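**Student:** Protein chains in written order, with my numbering: chain A, 1 to 314; chain B, 1 to 314.
Calculated directly from the structure, the hints in this document are not laboratory data. Among the hints, a few may not be true.
Stated by the list, open to error - Below, a list of computed lysine-lysine pairs in the DSS-like style, where the Cα atoms sit at most 30 angstroms apart: (1) LYS273/A to LYS104/B; (2) LYS212/A to LYS104/B; (3) LYS104/A to LYS91/A; (4) LYS104/A to LYS212/B; (5) LYS245/B to LYS212/A.
Since we're looking at a predicted model, the values are computed, not measured.
There are 2 protein chains.
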Amino acid sequence: MSEPLFNTVALIGIGLIGSSLARVIRERRLAETIVIASRSEETLARARQLELGDRYTTSNGDAARDADLVIVSVPVGASGQVARDIAGTVKPGAIVTDVGSTKKSVIEQMQPLIPQGVHFIPGHPIAGTEHSGPDAGFATLFEGRWCILTPPAGTDAQALAALTGFWQACGSMVDRMDPDHHDLVLAIVSHLPQLIAYNIVGTADDLETVTKSEVIKYSASGFRDFTRLAASDPTMWRDVCLNNKDAILEMLARFSEDLSSLQRAIRWGDGDKLFDLFSRTRQIRRSIIEAGQDIDAPNFGRHVATTDGPDGAE
Amino acid sequence: MSEPLFNTVALIGIGLIGSSLARVIRERRLAETIVIASRSEETLARARQLELGDRYTTSNGDAARDADLVIVSVPVGASGQVARDIAGTVKPGAIVTDVGSTKKSVIEQMQPLIPQGVHFIPGHPIAGTEHSGPDAGFATLFEGRWCILTPPAGTDAQALAALTGFWQACGSMVDRMDPDHHDLVLAIVSHLPQLIAYNIVGTADDLETVTKSEVIKYSASGFRDFTRLAASDPTMWRDVCLNNKDAILEMLARFSEDLSSLQRAIRWGDGDKLFDLFSRTRQIRRSIIEAGQDIDAPNFGRHVATTDGPDGAE
Chain A
1 MSEPLFNTVA LIGIGLIGSS LARVIRERRL AETIVIASRS EETLARARQL
51 ELGDRYTTSN GDAARDADLV IVSVPVGASG QVARDIAGTV KPGAIVTDVG
101 STKKSVIEQM QPLIPQGVHF IPGHPIAGTE HSGPDAGFAT LFEGRWCILT
151 PPAGTDAQAL AALTGFWQAC GSMVDRMDPD HHDLVLAIVS HLPQLIAYNI
201 VGTADDLETV TKSEVIKYSA SGFRDFTRLA ASDPTMWRDV CLNNKDAILE
251 MLARFSEDLS SLQRAIRWGD GDKLFDLFSR TRQIRRSIIE AGQDIDAPNF
301 GRHVATTDGP DGAE
Chain B
1 MSEPLFNTVA LIGIGLIGSS LARVIRERRL AETIVIASRS EETLARARQL
51 ELGDRYTTSN GDAARDADLV IVSVPVGASG QVARDIAGTV KPGAIVTDVG
101 STKKSVIEQM QPLIPQGVHF IPGHPIAGTE HSGPDAGFAT LFEGRWCILT
151 PPAGTDAQAL AALTGFWQAC GSMVDRMDPD HHDLVLAIVS HLPQLIAYNI
201 VGTADDLETV TKSEVIKYSA SGFRDFTRLA ASDPTMWRDV CLNNKDAILE
251 MLARFSEDLS SLQRAIRWGD GDKLFDLFSR TRQIRRSIIE AGQDIDAPNF
301 GRHVATTDGP DGAE
């Protein structure tokens with residue numbers, strides 16, 4: 001077996017992403033030692049039970065002390081606090097990165113606090129599920145998914161290569177992007193879908209004319225697809241909304257404008273316009289499947305494993 | 001093996017739903033003879049290649065002639081034409097039903113044309129996938145899903161029991177509902193989600209600032225969930241929009257109102273309001289899973305069968 005990429009990796013935050021990293025690092029021996037930090041005693045105890053790391057601490061500063069690579073996986077609103085916690089302990093030459101869904105705000109919060117000589121390279125693996133916490137992670141989460149790095153101007157080439165190699169070793173393909181552009185791209189591919197999902201589930205929940213039991217019974221007709229995203233971690237998503245405001249508001253405005261136009265077509269019975277929209281959206285799905293970012297099985301392949309049809313009974 | 005429920009079933013329309021019916025009827029021997037009608041020569045030829053039926057015709061009238069049960073599975077806008085086609089041939093005592101996603105409009109189109117002595121009982125199986133055509137069907141599509149019947153006042157009890165028994169034999173649970181209420185329920189659980197999915201995919205497709213290739217590469221962050229619904233049959237969905245206008249406009253108005261409120265919370269940084277909405281929507285997903293209408297595996301269980309993680313590489 002080849003040498004580990006890093007001696008010591010500190011994982012600050014051990015939720016879905018942090019615990020998936022712990023598992024893939026262990027499984028592929030990407031580091032000699034894994035140090036896990038969580039401010040929650042309970043989460044830390046669970047990480048210990050799951051044997052996700054080699055050392056455990058509630059102090060972010062302690063976790064960062066000996067690390068060659070520090071990966072911050074916390075809700076983006078907590079990034080500044082983590083930077084303050086580790087600023088005094090992280091060693092020169094170490095790489096500090098994160099996995100947050102917004103980059104401009106994380107950079108604003110963290111960069112001014114990271115000491116000279118430490119390589120700060122923000123990142124964002126485009127992978128996840130609706131589940132959260134240390135139990136939710138799994139080693140193949142990053143397999144076949146993109147990871148976007150947003151290195152500041154003047155980033156050390158060797159450090160950048162090391163972090164790129166790390167994500168590739170986790171199974172990812174790596175892209176580089178400007179933080180502003182990252183935040184715009186993510187606003188449309190991730191933040192807007194998430195908000196729309198939360199919103200429609202909220203709208204359904206509020207109806208007086210249709211009961212909750214009806215919504216649940218008949219959800220296989222489309223609604224259930226939205227409930228997956230709407231089951232995601234509320235703290236994480238509150239922080240994303242508060243930290244990528246401009247791009248999200250821009251995308252929301254475009255979405256609402258388009259929805260008004262669709263609404264008008266329905267009101268006035270403009271079948272051709274509806275047909276046009278409903279036809280051109282098919283191509284995007286085909287492209288996503290061709291790019292290996294989703295599967296072609298009907299209904300997302302629910303139950304392929306357990307029944308002879310793509311969406312059989314439970 | 002027990003006696004088939006019906007001697008002859010005529011399937012008018014042989015797309016996803018019609019061809020799934022053909023398969024389950026054959027597999028569970030629910031009818032002696034299956035007659036398949038499609039106005040498209042090409043679709044009919046494909047149904048014949050797939051050996052979905054016993055007889056094939058492009059004439060809906062011919063198909064209905066000897067049938068004890070006629071099931072109309074066409075886009076809802078074509079229901080009136082089908083009723084005209086079969087009115088002169090369908091025999092007294094036969095049951096005529098449909099599978100359309102709107103019920104008030106189907107009843108208005110069909111009921112006046114169905115002859116006295118024929119039992120007209122509209123229906124709607126709450127099951128489907130994003131795929132369409134005779135190849136897309138499978139015998140377990142209806143397994144564990146609800147089927148809603150909207151029998152008119154004075155419907156013959158025996159005919160209603162026979163149709164109920166048929167859907168149960170297909171694996172469904174059967175509910176009865178008033179057509180108006182059906183259309184309202186479906187507007188929120190199906191039609192609105194579908195429109196929202198089409199709309200967001202359209203919005204993303206139109207962006208000048210984010211490329212199509214970026215939308216596709218990073219779609220695993222949420223967007224891809226919407227593209228499944230947005231790949232559904234455009235004709236079917238155009239007809240649904242045109243035929244359930246009032247209920248859809250009502251749900252769209254509520255959705256937009258809620259979205260404006262969410263947008264305002266983002267603009268003004270109201271984290272508590274965001275957190276509240278994002279928390280309460282989790283419960284609905286849990287209820288849907290408990291009701292057996294979706295699976296609990298992360299990411300809809302994509303790839304459970306082929307990798308050791310819930311969302312591994314292709």
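**Student:** Decide if the proposed pair is consistent with the structure: LYS245/B and LYS212/A, CA atoms, cutoff 30 angstroms inclusive.
**Tutor:** OK: LYS245/B and LYS212/A at ~23 angstroms, within 30 angstroms.
**Student:** Tell me if the straight-line CA distance from LYS104/A to LYS212/B falls inside 30 angstroms.
**Tutor:** At roughly 22 angstroms apart (the allowed maximum being 30 angstroms), LYS212/B and LYS104/A satisfy the hint.
**Student:** Would the pair LYS273/A and LYS104/B pass a check requiring their Cα atoms to be no farther apart than 30 angstroms?
**Tutor:** Roughly 23 angstroms between the alpha carbons, so the hint for LYS273/A and LYS104/B holds.
**Student:** Does the alpha-carbon distance linking LYS104/A and LYS91/A stay inside the 30 angstroms limit?
**Tutor:** Holds, because 24 angstroms separates the two Cα atoms, which is no more than 30 angstroms.
**Student:** Verify the proposed pairing of LYS212/A with LYS104/B, using a straight-line Cα cut of 30 angstroms.
**Tutor:** holds (22 angstroms)
The structure agrees with every numbered hint stated previously.
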